[in-house]
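**Q** The opening residue of the sequence shown carries number 1 in my numbering; numbering runs sequentially from there.
Misleading hints may appear alongside valid ones.
[Unchecked claim] So the derived label-pair ranges between C-beta atoms look like this:
1) G96 with E70: 24 to 30 Å
2) Q86 with K18: 48 to 54 Å
3) A92 with I32: 25 to 31 Å
[Unchecked claim] Straight-line distance between alpha carbons at most 27 Å, and here's what the computed DSSO-like set of lysine-lysine pairs gives:
4) K52 with K18
5) K93 with K69
6) K93 with K52
7) K69 with K52
Quick caveat, the hints were computed from the structure, so don't treat them as lab data.
Note that CB positions come from ideal geometry on N, CA and C, so glycine has one too.
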Amino acid sequence: MTSHDVVAIARRALGTRKVGHAGTLDPMATGILVLGFNNGTRLLQYITDGDKTYQATVVLGAATVTDDKEGEIISQSDVSGITDTQIEVELAKMRGTIMQRPSSV
1 MTSHDVVAIA RRALGTRKVG HAGTLDPMAT GILVLGFNNG TRLLQYITDG DKTYQATVVL
61 GAATVTDDKE GEIISQSDVS GITDTQIEVE LAKMRGTIMQ RPSSV
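Based on the provided sequences and hints, a complete structural model is requested.
**A** Now the structure itself:
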């Protein structure tokens with residue numbers, strides 16, 4: 001179900017066209033889709049101003065055609081030589097304020 005689908009359901013259930021959300025969830029993401037309706041839609045901008053936190057489970061060494069876990073694996077690399085310290089160093093680069101670049105796929 002997409003964010004748009006949820007808004008459509010809310011419009012029907014609430015009997016109003018004025019329904020919005022505070023940001024689309026990725027198709028594979030889990031979380032809360034915050035909705036506003038009627039005068040509350042103008043308050044949604046304040047919700048999106050907050051910090052976001054992401055948690056992920058990764059498979060090291062695998063590349064897929066879609067750059068996500070859903071795609072077919074197209075290559076695999078030996079990662080047995082990678083240490084926990086190296087992983088922590090790379091993860092540290094993804095903490096804090098960053099500009100996320102969308103996948104080219």
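**Q** For each hint, tell me whether it holds in the structure or not.
**A** Results of checking the hints against the structure:
A hinted range of 24 to 30 Å holds for the C-beta pair G96 and E70, which are about 28 Å apart. At roughly 51 Å, the beta-carbon separation of Q86 and K18 lies within the given 48 to 54 Å, and the hint holds. Look at A92 against I32: about 28 Å separates their beta carbons, and that is inside 25 to 31 Å. Restraint check for K52 and K18: satisfied, since their Cα atoms lie roughly 26 Å apart, inside the 27 Å limit.
Note on K93 and K69: the hinted pairing holds, with a Cα-Cα distance of about 22 Å set against a maximum of 27 Å. For the proposed pair K93 and K52, the alpha carbon gap of about 16 Å is at most 27 Å, so the pair holds. Between K69 and K52 the alpha-carbon distance is near 22 Å, which keeps this suggested pair within the 27 Å criterion.
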